[in-house]
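S.K.: Below, each chain spelled out in residue letters.
There are 2 protein chains.
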Amino acid sequence: MNKNIKIFDSTLRDGAQGEGISFSVSDKLKIVKALDNLGVTYIEAGNPGSNIKDLEFFEKLKSIKLETSKIVAFGSTRRKNISTQEDTNITSLLEAETPTIAIFGKSWDFHVTDIIKTSLNENLKMINDTITFFKEKGKEVIFDAEHFFDGYKSNPDYALKALASAVDAGADAIVLCDTNGGVFPQEIYEITQKVCELFNVEVGIHCHNDCGMAVANSIMGVKAGAVHVQGTYIGFGERCGNANLSTIIPNLQLKMKLSCIPHKQVKNITSTARYISEISNLKLINGMPYVGNGAFAHKGGMHVDGVAKASHSFEHISPEIVGNKRRFLMSEVSGKSTVLPLIKKVDSTISKNSPETQSIIDKLKELEHMGYQYEGAEASFELVIRKLLNKYVSPFKIDSFKTIGEHSIIGGNFTASSIIKVIVDKKEEITAEQGNGPVNALNKSLKKALEVFYPELKEVHLTDYKVRVLDAENATSAKVRVLIESTDGKKTWTTIGVSTDIIEASLLALKDSIEYKLMM
Amino acid sequence: MNKNIKIFDSTLRDGAQGEGISFSVSDKLKIVKALDNLGVTYIEAGNPGSNIKDLEFFEKLKSIKLETSKIVAFGSTRRKNISTQEDTNITSLLEAETPTIAIFGKSWDFHVTDIIKTSLNENLKMINDTITFFKEKGKEVIFDAEHFFDGYKSNPDYALKALASAVDAGADAIVLCDTNGGVFPQEIYEITQKVCELFNVEVGIHCHNDCGMAVANSIMGVKAGAVHVQGTYIGFGERCGNANLSTIIPNLQLKMKLSCIPHKQVKNITSTARYISEISNLKLINGMPYVGNGAFAHKGGMHVDGVAKASHSFEHISPEIVGNKRRFLMSEVSGKSTVLPLIKKVDSTISKNSPETQSIIDKLKELEHMGYQYEGAEASFELVIRKLLNKYVSPFKIDSFKTIGEHSIIGGNFTASSIIKVIVDKKEEITAEQGNGPVNALNKSLKKALEVFYPELKEVHLTDYKVRVLDAENATSAKVRVLIESTDGKKTWTTIGVSTDIIEASLLALKDSIEYKLMM
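Sequence lines, in order, name chains A and B.
The opening residue of the first sequence carries number 1 in our numbering; numbering runs sequentially from there.
The opening residue of the second sequence carries number 1001 in our numbering; numbering runs sequentially from there.
Simulated from the structure, these hints should not be mistaken for laboratory data.
Among the hints, erroneous ones may be present.
[Unchecked claim] With a straight-line cut-off of 20 Å between C-alpha atoms, the simulated EDC-like cross-links for lysine to aspartate or glutamate are:
#1 K1117(B) / D305(A)
#2 K479(A) / D1464(B)
#3 K53(A) / D1471(B)
#4 K447(A) / E1406(B)
#5 K264(A) / E97(A)
#6 K223(A) / E1190(B)
#7 K117(A) / E97(A)
#8 K479(A) / E1190(B)
#9 K1402(B) / E187(A)
#10 K1336(B) / E97(A)
#11 K1365(B) / E56(A)
#12 K1223(B) / D1168(B)
#13 K1402(B) / E190(A)
#14 K1447(B) / E190(A)
#15 K1255(B) / E187(A)
#16 K1447(B) / D1471(B)
#17 K491(A) / D464(A)
#18 K80(A) / D1305(B)
#19 K1255(B) / E278(A)
#20 K1352(B) / D114(A)
#21 K1257(B) / E67(A)
#22 K1309(B) / D114(A)
#23 K1267(B) / D1036(B)
#24 K1397(B) / E406(A)
#25 K223(A) / E1067(B)
#26 K1223(B) / E67(A)
#27 K397(A) / E429(A)
#28 K421(A) / E1433(B)
#29 K70(A) / E97(A)
#30 K283(A) / E1456(B)
#31 K402(A) / E1433(B)
#32 K1137(B) / D1109(B)
#33 K1421(B) / E187(A)
#34 K1397(B) / D1471(B)
#35 K1365(B) / D1471(B)
#36 K283(A) / D1471(B)
#37 K1309(B) / E202(A)
#38 K60(A) / D1471(B)
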């Protein structure tokens, strides 16, 4: 693998423009770390000029040391008819103190005259001035030529002039954008090839999925000479989304033998996708290429047969390469091979064909039918296995609890309180707590009661709390799944609870968390 | 539009091999009618040899008169080393009494020798005998060359021999399948072009999405000369799914000016996708090209601004053409132009520069900072605007409420109840309800109390309930955002509530939902 392709991830910028996406600052920091760990070249973190949230985020980023990725701040060319220095968006880009700046500018004449309403010439100056400004400040500058392909198709000379004014100003890379996502693969190929012939600078490609071809268009761009690919990691973005990097990276690295990320990270492509979808609170599309839970799921009888004989008979790659798993639907063969490592962790003498394995599989199927899902909640699953193998008995019992929410006028004061009774070796402890919600009150009362017997629980605190409504169409009577992440400062573990009652679901996850801590 | 492309829909056959898909006979009949109404050329209905459900379905189909589409029965070449007449799968294909039969056979030498384990020569005979048999019965026969592209890449001579034995037997069309979904667009183009040169018969293309390029590969196949495109209507199928016809049809018909369906039906492309996803019980992917609910949703301020000036500035086609709708999403990245249409809906005299507009924007930013997010919760946002403009006062007041959750041993019985007091024109109503969780109990008690004054609320029920934990790292004391979708059978609306207390957050969303209904 000689040739390197620079991967430019815009999950936090273009991705944040996807419907339903709303990242907190801590969400963004988690995603930055995940992408840096995977080893993408650039992480476009946001537009510091656009809103307060992003400013706060860039401040936080200054204190963070990344392994491989460069943080990119994104912004527009200077506004028309003012100097670069006068433009506050430009100055806030500087204040972000990132090594790299991405500047987008117009390259479609129609957008210049009809949307930003300025002269074709002024737009070229805006591009040139802005890039010159940042190059003088010693920044690496990437120029995103917005609507380049539509622009080239309507007025090639002007579209190329826009690129030229960026290159003349010293842009380190020019990125050809199919902003509306309407361009076809063959056009992308021919136009990108033309640009690569004309300019002696790195050429990048930025595609949208409005015709369902963003991945293929990016691939055709690379075939035509692009060495920098922009997208979002699991494909979300404006309208139909951006080119999906979790598909493009393995397409380039495994099929075209071009290097995008450190090869040892390829096996983390799937886990990174699932982590980012979790943080984004978007269910990962089941059939998403390479990373989806169903990407290597075989259902048709002949397919299952074929894969059993030779996996490449119905698989274009082996799922393990990208850290995904093969599944045979409606067949426990898959179940066993997935669960066995976890069982062996508890009892290494148990084999694939031991009766215990089958009974655990059956229990797992039953629990999954109830709405449990142990991927990402291994602590709870380990407890299930230990209990089934009679290797664990809970040292405490929650005898009963009661939560009360009392509210005066909406928005006014309210109190939530919880009364709980636990039993440890026949000793009872009854106590109560208040909190800013019933779940919070319950958590506090449960810990307060158990700390009487287990002072070590004082070290434990919760670091994450997630709720997913399962059968949403049943509205407020739907089942909810609660995932709780706990830590004692040394170890971190995740537990799960499912119920139609969010309070009970939370208690089940809290109980597992405490049992797991006491077991260690 | 001279050239016609034949669309071959396999939703009921290859699509049924997708994870989570299980059609009843009546589901299948509904989908057949929907596809016939849209006007696809072929509807592959299933494999009559494979299971009883399909046999019953083909029986029912005999009594149904279709407008435009032809029903296709799907099956394999005869089994090795027996005569065609002896093969019960072949005879059951005849019993289906369809005008058209699709026969799949092996064209990858490795599959012949290692999977079905017969001689390369016997496989060619199997193809030839089977097609000859059905041609003698007067059927239209389509030959699906399974794994053709992988086969061609490993042994081009043999792959072409497989096609030749189908053509010699009188096949009406030969379909080149990328069964594993691992082939790239340029390869598809070159190999399909080669086949079109060699054979004087209709050539078709059948792609899978394992590299995220099924749509582009199908398009490249057509560019190379294919005149028949196979896929599933909304893309589901084995593993990562089949080529998505709801994307391919508009790509071909609107962009490449090739005729796939009657032009007057193009406006039904979106409704057909939503209907099929309903019947399949799969949520349509929000960003699905052309047909997704978010396919023309604009969020970024500059995008919204641009579309307001000229829709093609950020849309590759007008959504109405395919029967979809443009949407402007509320968010901190959106500006005045997003909010203005909603404000004008309430008061048409207000303009972009009216002070009211700015104060609404400020309120929006403040609410979003608190954790509100109005994209997809337009009903709540309309209430915010009306209240700010003093155009709406809630007709009822929730004076107070109390929720009680009482639980005995975990997993055992528990009761959740709610007591509520509402006031309408100085009249009080106090009532209580029980539910399978505190939110459910609260919802029931609130409706029960208000239905005394507003019987029309009996029509309202909730169709969706979503919970998102905002600052998850604050664990059980985190803020939660609740989204509730309600319907009265005619209209559907979504409302939002945010609080650290999930019960209060739910109540705020429920209150908005009821206020919105009463306002209409």
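S.K.: All the hints need checking, so say for each whether the structure fits it.
M.R.: We went through each hint and held it up to the structure:
no. : hint                : in the structure
1   : K1117(B) / D305(A)  : holds, 12 Å
2   : K479(A) / D1464(B)  : holds, 12 Å
3   : K53(A) / D1471(B)   : holds, 14 Å
4   : K447(A) / E1406(B)  : holds, 19 Å
5   : K264(A) / E97(A)    : violated, 31 Å
6   : K223(A) / E1190(B)  : holds, 15 Å
7   : K117(A) / E97(A)    : violated, 31 Å
8   : K479(A) / E1190(B)  : violated, 52 Å
9   : K1402(B) / E187(A)  : violated, 64 Å
10  : K1336(B) / E97(A)   : violated, 30 Å
11  : K1365(B) / E56(A)   : holds, 16 Å
12  : K1223(B) / D1168(B) : violated, 26 Å
13  : K1402(B) / E190(A)  : violated, 67 Å
14  : K1447(B) / E190(A)  : violated, 62 Å
15  : K1255(B) / E187(A)  : holds, 12 Å
16  : K1447(B) / D1471(B) : violated, 31 Å
17  : K491(A) / D464(A)   : holds, 14 Å
18  : K80(A) / D1305(B)   : holds, 17 Å
19  : K1255(B) / E278(A)  : violated, 36 Å
20  : K1352(B) / D114(A)  : holds, 19 Å
21  : K1257(B) / E67(A)   : violated, 49 Å
22  : K1309(B) / D114(A)  : holds, 8 Å
23  : K1267(B) / D1036(B) : holds, 15 Å
24  : K1397(B) / E406(A)  : holds, 16 Å
25  : K223(A) / E1067(B)  : violated, 44 Å
26  : K1223(B) / E67(A)   : violated, 45 Å
27  : K397(A) / E429(A)   : holds, 10 Å
28  : K421(A) / E1433(B)  : violated, 26 Å
29  : K70(A) / E97(A)     : holds, 12 Å
30  : K283(A) / E1456(B)  : violated, 36 Å
31  : K402(A) / E1433(B)  : holds, 17 Å
32  : K1137(B) / D1109(B) : violated, 29 Å
33  : K1421(B) / E187(A)  : violated, 65 Å
34  : K1397(B) / D1471(B) : violated, 30 Å
35  : K1365(B) / D1471(B) : holds, 18 Å
36  : K283(A) / D1471(B)  : holds, 19 Å
37  : K1309(B) / E202(A)  : violated, 33 Å
38  : K60(A) / D1471(B)   : holds, 16 Å
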